[in-house]
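Protein chains in written order, with the working numbering: chain A, 1 to 266; chain B, 267 to 612; chain C, 613 to 914; chain D, 915 to 1338.
Calculated from the structure, these hints are not laboratory results. Be aware that one or more of the hints could be misleading.
Unchecked claim - Residues from chain B shown here face chain A by an in silico Cβ test under 7 angstroms; the list is partial: (1) Pro303; (2) Leu304; (3) Gly346; (4) Glu459.
We put the beta carbon where it would ideally sit given N, CA and C, even for glycine.
Residue strings, one per chain:
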Amino acid sequence: MKTERTFLGVPIVKPKVGFFDLSSCEGCQLQMLNNEASLLDFLSLVEIVNFREGMKEKSDDYDIAFVEGSVTRADEEERLKIIRRNAGVVVALGSCACFGGVNQLKNRFNDLEWVKRQVYGDFPIETQEAKPISAFVKVDLEIYGCPIKKEEVEKIVTKLVLGQEITHPNYPVCMECKANENVCLFDLGEPCLGPVTRAGCDSWCPSNRMGCWGCRGPAPAANLKQLEKIAEQKNISKERLLDRLECFGGFGEAAREMRTKVEGGR
Amino acid sequence: MIFKVFQAGEMETLFGLLSVNRIVGPVEKGRDVDGKPLYDFDVVYDFKDLKLDYGQTIHSAKNYFLPYRENLCTFTFDNGDWQKEVDFGADRAHVFFGLHSCDINALNKLDKVLMGNIYPNPFYGAKRSNMFIVGYSCTPTPSCFCHSMGTDSVLHGFDLFLTRMGDEYFAEVQSARAYHILERMETREPTHEDHLHFRKTTSKKRSLFTCEVDTSDLTKILDMEFESEVWEKWGDKCLSCGTCANVCPTCYCYGVEEEVNMDFSHARKVKQLYSCNLVDFAEVAGGHNFRPESSTRLKYRYYHKHRGFVEAYEESLCVGCGRCGNACLADITVPEVIASVREGEK
Amino acid sequence: MENKLQFVDLATSHGKKNSHPGIEHFEYSYKAEITNLYPLTKTEKLYQIQIVDPRERKDFTFQPGQFVMLELPGIGEAPFSISSSPIRHGDLELCIRRVGKMTNFLDRVKRGTKVGISGPFGTHFPVEEMVDNDILLIAGGLGIVPLRSPIMSVLENRSRYGRVDIIYGAREPLELLFTYQYGMWKQFDINLDIIVDKADDKWTGPVGLITEILQKRIDNGTPNDFRKKTNAIVCGPPVMFKFVCEMLIKAGLPMEKMFVSLERRMHCGRGKCCRCNIGSTYTCIEGPVFDYWSVLNLKEAI
Amino acid sequence: MKVNCNIDIKHLTRVEGHGSIQIRIEDGKVRKANWEVVETPRFFEAMLVGKHYENAPYICGRICGICSIGHTLASIRAIENGFEFTPSEQTGKLRILLKHMETLQSHILHLYFLAAPDFLGVGSVLPLVDTHPEVVQAALRLKLLANDMCDEVGGRRLHPTRTVVGGFTMLPDKYQLKNFQQRLKDSLADLTASADLFATFVIPVFQRETEFVSLKGEGDYPFIGGRLVSTDGVIKEEHEYRAMSNEYMADWSTSKLSRLSRKSLAVGALARLNNNFNGLGPPAREISEKLGLTPVNHNPFMNNVAQLVECVQVVMQSIEIIDTLLDTPWQEPKQRLEVKEGIGVGAVEVPRGILYHCLEFDKEGRIKKADCVIPTSQNHANIHHDIEDLAEWCVEQGKNDKEIELIAEMLVRAYDPCISCSVH
Ligand SMILES: Cc1cc2nc3c(=O)[nH]c(=O)nc-3n(C[C@H](O)[C@H](O)[C@H](O)COP(=O)(O)OP(=O)(O)OC[C@H]3O[C@@H](n4cnc5c(N)ncnc54)[C@H](O)[C@@H]3O)c2cc1C
Ligand code: SF4
Ligand code: SF4
Ligand code: SF4
């Protein structure tokens, strides 16, 4: 690592970073390329040494590993462990890596054989329960979102390079939604997980009049009990609320409990 | 004060005269599930879009003088040294067309904290000094309780205040600027009948309120009920989402964050309006949180507004606009909370 | 266009009638240089900071107990008590513990770094009013930092005060701050008692709670003097406040002669961000130094 | 000298997803020539079972990070067809506009970031930042324009937020549309420059007779819905998509594979162009002819050129669409629709080819069964057989192993495969 610059007199090294993908849509990596306007600045901040989707050269000498996707097969577990060994800092990039993402929706059937048959019939295929990467290795930092928000990633990576502690907003999406002066989705008769979901996306979905699906997982003080009451009062079925709570895996146990309730009620 | 009367049709002329400036006013933002219109303040380009007979807007107009997010300063780095540049974030004057008396009173209250003797805030001041306010009389909605807070009429803080009286408007003119603008329209001097009519109109408005808050001895009651269990009842409901503070015309507290550009050439200090209901509002070094439960945070909001501010300025920091109660998904409303605290848990 | 409203530029209207004096100074920070820094313990460092402009430096005055906002551009801004003597004006010493975003970065900067300083803010310990009286300074942990300024002030005017006691407790000997100054304090006829929760091999002093020493001090003094002549200055973690202050009250010390310095989260120091509110009192303006009577009247203060 | 090589490329770079190439040639004899798809399956078709229909577009968009808009639109179309609902004309226009911009952004990404480095002899776009700054800047400009427009119309460039069953949650700002139209017009200069650049690239003259499958357009190009056609003369309706894709499994691939009249088929820009050359507007046609692409072209490497031609086509068409949108007042963004028990198919031409979603509902609108046929999965068999033929061709041409490795990689990249998408 060569020292290239300083900030307030403190030497700042340009870290070598690698991007890695497990089971995912690779959208989060693409978001990095979607940074057209600031891509070049980003490249001046870090040295990308491994990015299969974008470059041919690869090196196992990296300081920070951004891992996208969840683990759904044994070989991914192995790859992940190697990445962990090579990297100083492992960053879970996006909801798949943080919570299992949409991939974990198949877990809800508790029957992998059925799942396999549903798609591949009798053709033999290997898969296991979709899990976040933290189920296998120590994760140093999580960047939430499906997809990740480039402005947020840039901010986080700058802090990472500066060696600053990284904290996520502790308030729910509503806070940002109101600051964007949106009309509340509940007023429009739509469900929204904004009141319980961790902010940081700048109320991406509600600002487009789409209720939040909770891709960033729960806010620290998430009051799910009250959300259920609100939905009930607004004539939004438990199923619709559940569809959202379990979509990205962030609400884990709470969503599973609710599924039991909903299925019991059917 | 100088009063004038003009024909309802002249309203568009007034709008036209002012439209060389940027006009902010109530517009329709959509319809709710029941088809009821939803209003908010926005820039108005066309008189037809101005919905003067709005009941209440979802948000207050504060984004124009107390933005949710604001750059406090910019740093430029050069060779180990840095320069700091401060821009108060105002570059033009705005016309606020159609503010109700509650919102103008809210501004007057904010002035006391933000423009008072102790460290007046120039970011607010710069915008506040560039507001031309056309007030507009309202019809109370079911959630308005401004009369309880003494803010159903406003005595100062505007340029022009208009009250609809039949086919005419009764205008209270408070600034020379407003006077000169009215000179360019067709107006007449009010007669004695007009005065009576005006008084009848305002007293009729007063009779339309359906929502009440008993504020007598409230500061003391809040102290007495500090340990009351009612707070927990409300705390259980609260989502700690900050919606109430965001829509409130008088909530002004904030947090600050700094961020460095990716090329390290610049940095910014950004202010973001915060809310005392958010979980980390009162967390300090070492992780100690002075208000870890949502009930204590919610209580604090009432404390600040209905006790602390009263102590400091002899008036409450709540104008009774009802927005926080309307916006709160958990249906936590000021009148209900205060009533329950008064009664104590039974 | 006669209907065009004239833009009032607050940034340039300074000095004109109706404009607030110094309004443009709200975000103003003095540029200051870290002239020296050295570790006091594993987590605390002493920073000597000098306002760069000589005039500004001279004009910068403060009272013991006040704090400044220290800004590391792009990293953060946070309140710190001034820990040096008031006669040194804009040549400050801050003792800072590494706890989070801004302080961790501060820990990495070198001598010569330029920082921003604004303030001084807040109330102070009324040392002037304590002249001819005894002073009892009680500090727990980092609480010694804000007390160092009144200590200096008293040392510099030693003849004007009666008996001066410092009772200082820390968790372990390695956490003690300003150890190199204890000798000097003692030479200035100050009774210095130090106690730790847990001793190490080298520690020969007392082990236990601050309250034990305090009790001895109370028992040894003449009760009358204590009630009439003593002022107490207390600073430390919230739990300590409670015990110490209650003990002092029991010993007959009037509440308005007990002063504490409180810590809250602060983002402006200027009574605008509300983050430091206790009940609804601004710690940054009405505090951080409060007399104990006020503290009792603040809900959820300690 | 006899050609000898042993190429084993595990997890091919600069493609979306995980695939491997193996070629073993001994003494001029091709012993092995394989395209292998090792991507982990995610089981979207199972995930959807039991979910309310409104989940389908949202979840299916997550099949792919590049063509999430296409997937979202395919699901929406399947649902709307299932409920026998026809979207408003305005919705139709906005959807095409959105899809055009996805096509533009995806093609530019592929052409410049994934394909061009091979032609310029570098490992990634990164060195080009210094050596060919104008190329990189043009690519970034085009991509930014496309992405910005996706934000404006679809709410988000990736995993759109405004696209819902029945229409849109929100409409774009007309003032912004006007600005975008201007930017689109300005972008033609960058596209012309791109054409000039690509004209300098040496495209391998490899050919293999292939059956090309795509939608047949009646106006728009490329399209949402319509009839399915192949260059071998097969014509089917949208709901008969299974007869067109004929999915099967093979042990070398975790993705399903397709065939029609031959052992494999191809979809994508080249297939669209081969089937709809007459639907191109004059500027696109001109560029196509200039770059030597006329139907039916059987060189898979020409898919790159076809993508470039399509970029011009979608830009021209978008300019027109914006004109008509600006001329008509906004209607309601979204219509209500009746939930019905039944089955619906949505066929959409997404950047990599024709995409089918088929959804079956119960009377409450819950999904009973889901099937998604992805363009890349339809191409896999063709890629595989292309690699076989390419190996032989390389032997004939006497290429060395470095050259073979590069050209094999280039071939796979030319298909712009979206592998994680194909093994959804
Ligand atoms: C009047 C006053 C005087 C102080 N004097 C000193 C001193 O002399 N020496 C010293 O080391 N510390 C002092 N502090 C505490 C110091 O301000 C905090 O340690 C500092 O703000 C932490 O900043 P950070 O960015 O490193 O921490 P952060 O990363 O921001 O946060 C770490 C923790 O500190 C809390 N925190 C954040 N900002 C503040 C804030 N402004 N005030 C208090 N807590 C905060 C957070 O909630 C979190 O728990 C004083 C505080 C006050 C109010
Ligand atoms: S609004 Fe919700 S679903 Fe949308 S991006 Fe934010 S957290 Fe994710
Ligand atoms: S009172 Fe209501 S609006 Fe305010 S934070 Fe609590 S739930 Fe949110
Ligand atoms: S009530 Fe809360 S959010 Fe509002 S100004 Fe007071 S502290 Fe801030």
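Do the hints match the structure? See the list:
1. Pro303: violated, 11 angstroms
2. Leu304: Leu304 (chain B) check passes; min Cβ-Cβ to chain A is 5 angstroms, inside 7 angstroms.
3. Gly346: holds, 6 angstroms
4. Glu459: violated, 42 angstroms
Against the hints set out earlier in the document, violations occur for numbers 1 and 4.
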